[in-house]
Structure formats: structure tokens, C-alpha cells
Amino acid sequence: MREMLKMIIVLTALCSFSGGLLAALRNETMEKIENQQLEFVKGPAIRDILKGSANDPIADRFKIKTGETEKSFFVGKFDGKAETVAFESTGKGFGGDIGLMIGVNIANDKIVGIGVTTHSETPGIGSRAKTDPRFAAQFKGLTLTGDFKIKNDGGQVDAISGATVTSKGVAGAVSDAAKTYLSLKPELAEKLKGFK
Amino acid sequence: MAKSITQEFTKGLWNEIPPFRLVLGLCPTLAVTKTVENAIGMGVAVIFVLVGSNVLVAMLRKIIPSKVRIACFIIVVATFVTVVELLMQAYTYPLFLKLGIFIPLIVVNCIPLGRAEAFAYKNGIIPSFADGLGLGIGYAMSLTVLAAIREIFGSGTFYGNQVFGPSFQPFNFMVEAPGAFVCLGLMLCVMNFIGKK
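Listed in order, the protein sequences are those of chains A and B. 75 is the number of the first residue of the first sequence in the working numbering; add one for each residue after it. 618 is the number of the first residue of the second sequence in the working numbering; add one for each residue after it.
Simulated from the structure, these hints should not be mistaken for lab results. The beta-carbon is built from N, C-alpha and C at its ideal position, and this holds for glycine as well. Please note that a few of the clues may not be correct.
[As the list claims (entries may be wrong)] A few chain B residues that don't get close to chain A, going by computed Cβ distances all over 12 Å:
#, residue
1, S621
2, F626
3, I634
4, L643
5, P682
6, I692
7, F790
8, V807
9, M808
[What the hints assert, rightly or not] Rough simulated footprint, nothing fancy, chain B against chain A, three-plus residues with beta-carbon under 8 Å:
#, segment
10, 85-91
11, 94-104
12, 110-121
[What the hints assert, rightly or not] To be clear about the criterion: a stretch of chain B counts as covered by chain A if any three or more of its residues have a C-beta under 8 Å from a C-beta of chain A, and this derived list gives those stretches:
#, segment
13, 699-706
14, 710-717
Chain B with its partners taken away, still in its complex shape:
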């Protein structure tokens, strides 16, 4: 193994940060980043699924025949997603109502499946765990930053708390779908600019 465990972990935080560098998982990135609360909820769900599926796939990688590997990955990912969905319904129902369809949609999100195929199927349990955790946290961070920008300008709040005085006129565009696209584009632009140096 060329890379150390720390490297596997930290690459997810910058070099391979999912929405900006890999440009994966954009659908929930755009849809749930209206508020920081939603973004953190989604981020935690993705971290759980990613770590769980990575570890399980790494554990089973010697048994899974390569011809049916994708099917096996999907089962693993879908299982973890359903676990998250049930737990969310049981313990954080209001959050579940807000995230709604985007929780089951983690199944078809390219991040867990992509990591299972590209990393966990070829690496041991511990590197896979680090990889899943790193990318998951990277994803959660990106969502939170994006959501913070949109929430602060779009509704003048941060995590539900007022940021500006009562005279602040919310910039509604930011919480609508086009605002998400523009904001994501600007962040990609900034990331590329910093990355080039």
C-alpha cells in the first residue's frame, strides 16, 4: 500500500472532495442545501452509508465474484440507506420530512457506489474505512458550506438563528433552485482557482 491511512482520510477533505473535485452526488447537493440543518442531516446520513458500505464491501471483497459485484454493492448500499431511513423516521422525524425523497436517493447517488467500486473492492478494511470517513466528511462539509452561503443570504439566518438585523431583506433567489446552481458554480470556480496555484 503506497498511501498511508491518514492520506486516505485527508484526500476526501480536499483533493477528492466529492461535490467539487469528483463532481459526484450533485442532485442532493443542489436540493437539500436550503438550510444548514438539512445539509448537516444529509451529510451525516451520507457519512454513515459511505463508511458502512465501504467497510462491508472491503470485508466481502474476496468472496464477491467480480461478475455480480455491482449487484452486491447495490444491495450493501441500499441496506445501509434503508437503515438510515428507518432510524431517521424513528428518531428525527421532522428532519426526515424535510429531506424526504433524498434519503432513499442516496442509493443511486454515485458516491457510495463509486467508492465501493473504485476503492473498497480493491483495498483492505482499514483504508476503506478511512476513505469512506474522509469522503463522507468532505461531502458533509461541502454541503454545509454551500448551505451556509445560501441560508445566510437567502433567508438571513444560520442554523435557524437570525444573522442580520430585522431590516435585512432576504435575497430570495439564493434559496430557489437557480441560486443553488449559481452558488455551486461559483464554489467550483473558487476551488479550481485555489487548486491551480
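Only chain A is shown next, with the shape it has when bound in the complex:
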């Protein structure tokens, strides 16, 4: 009985100590980890979209609650005006979800650029959505409203040859972003005033 009790006490004490330690460490590092993830996973796409901005878009970010989740928005300042934001949206690709960063100018609703952040598309085929700048460039300057489709479906952009599903996924992500953008535009404008 004594032995049994000892086993229980030792294991419980060890587990709670380890749990407490890890929880504390996690709290400590959470912010740093989030920054690192932004820098290395989404950072390249954000910096590419908001190229030439006067500020650091990753440092100047804010969050808005949409439904259950919080969405991060990255601010880009051009010509002294903070009118451009980048945010992430997802679409269904060939191998899973495609994460898409999309930058939009709220003064004229025009897309300033898009870039794939995370994907699990076929390397060399679907992955060109991320690596081939010509595909992403087609979205530049379009107005972020309504549905985005590839030309086969009667839409605006050429699909990547051989990667129709991926291209549709990206277009879907942009359509989704348009919906988010329209519903949040007043809030976005409000928040952006704080960055002037």
C-alpha cells in the first residue's frame, strides 16, 4: 500500500511539475513563435505584396474578429498613406488547403498583389502557383469584389496549364477574400486611421 501510494505521489508530482514548466515556457515563447512563423512562413509573401512600403508590415499588424476566429491584417504605407492591407485567405486546392496572402488598397478596392503562403500541391505542377510570378500577377489591379474564376469557367484569369484545380483553388481563395473584405471594410478603414 505504501509503495503504491509512493508511486502515485511521485508520478503525479513529476507530471504536474513538468506540465507547469512547459505551460510557463509556452506562455513565454508564444509571442516569439508567432513572430517567427509570420516572418518565415507568411513573411516572404507579405513583403513581396507590400514591396516598397515605408513601414514594416509584419510589425504594423492588427487583428479583427470574424465570427469565431481572429484574422491578422498587415498594413503597408505608401506615399505616407496607410491604405493598403494584406491578409490571408484559404481555398481548396488539389492536395489540400491553399493559403493565400492578398493585398488590397482600400481607397480604390484594387488588388495590389497576391502570393501563396502554404500549400500541399504537386511539386513542379500545382506548386507553380507559388513559384511562377506570372500567374499571381494576373490578379494585380483587379477590383476585389464578386467572384473570381479561371477563364475556362468564364472568369478573369488564365489557369496554370496542367494545374487547373490549383488555379481554381487560388481563384476561390481570392473570391473568399473578397467576401471577407467587403464585410470588414468599414472596420478596416477605421483601424487603418490609427496607422497614419
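Knowing the structure of chain A, use the given hints to seat chain B on it.
Positioned in the frame of chain A, the structure of chain B alone reads:
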């Protein structure tokens, strides 16, 4: 105690060098040795876990009941591994992306658990520290040597720097999985040959 502290330390560097003499921890040995950078990162992580878990187990060895010792060892090892994982994510994120799943897999790696069971549970804190440090460094060294061979021949670079001129045609086989097996086998062979004399 028959052996001195120095002996406990140096045995990990040659006589009981983990991947070659104990033939333990082979999974990450094969998987992360594509580049020297990865190997050093993995090595440092293992040194930290091994030293930490050895010292803690040695400290607690009188309290831990022998019936639940394995469970206790696993908790200790898993705690240290998670610490490493969080720290890596916070400070060296690109390295974390490359090593990925092999960091959490240190938990089931036989080296920390094996040392806790075979050494730290029976010895004091200082010998356990020396044992952990020695074996950890031995492991890191082995990974680095293996990775150096594979990286130099497989991609013509060492720690990311070009070794050969631009005319060098990389020997792709070496950076693929079979190259790792062959390379490890050859190194085991060399180690046994030297050890026999």
C-alpha cells in the same frame, strides 16, 4: 565508483559513441544528415536533452520507485524535448522547419531513455552529467562527420559553402536515403576495423 569522471565523459566520444558503437538513435542519424547545419542543430538538441534528463534522473533516482521508473524517465525526457522544441521555434525557426518531426522524435530515441535507465538511475549527479555530455557530444560529432561526408559529395558544399569549383557534378545519391544507409554502413565498418586493432 570505479571510473573517474573523465572516463565517464570520454567513453561517449569513442568506446560508446552512440550511432556507431551502441548503434542507437539511427532514425535521426539517417534522416537529418543531409547537411552539416542540420546535423549540428540536431546534435545540440540531443546534447541538451541528454544532459538535462541524465542530471534530473540522477537527482530523483532515490525518490523514483523502480516500478514506475520508465514512466518517470519518459516524462523527464519528453519535458526536455518539448523545451528544446519550443526554444527552437522561438529562436531558430528555419532550423526547426528543416528538422521538423525529428525534434519531437528525440523522445522515443533510445539514447536519452537508455542512458537514464542504464546509467543515471544508478549513478550520482556529476557522473551522470559527464556521461550525458560525453555521449551527447559523441552523437553530435558522429552526425556532423556523417553529414559532412554526405554534404560534400552529395551537394558539393560544406555548411552551405561551395567546396569544389563550379564544374563539380554533385553525387546526388549521397543526399538521398540510400546514400545515408551506405555511408553509415561504411563508417561502421571503418570504426570496427580501427577498434579491432
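Consistency of the hints with the structure:
| no. | hint | verdict |
| --- | --- | --- |
| 1 | S621 | holds, 31 Å |
| 2 | F626 | holds, 27 Å |
| 3 | I634 | holds, 30 Å |
| 4 | L643 | holds, 27 Å |
| 5 | P682 | violated, 5 Å |
| 6 | I692 | violated, 5 Å |
| 7 | F790 | holds, 20 Å |
| 8 | V807 | holds, 36 Å |
| 9 | M808 | holds, 37 Å |
| 10 | 85-91 | holds (count 3) |
| 11 | 94-104 | holds (count 5) |
| 12 | 110-121 | holds (count 4) |
| 13 | 699-706 | holds (count 5) |
| 14 | 710-717 | holds (count 3) |
Going down the numbered hints, you'll see the structure goes against 5, 6, while the others check out.
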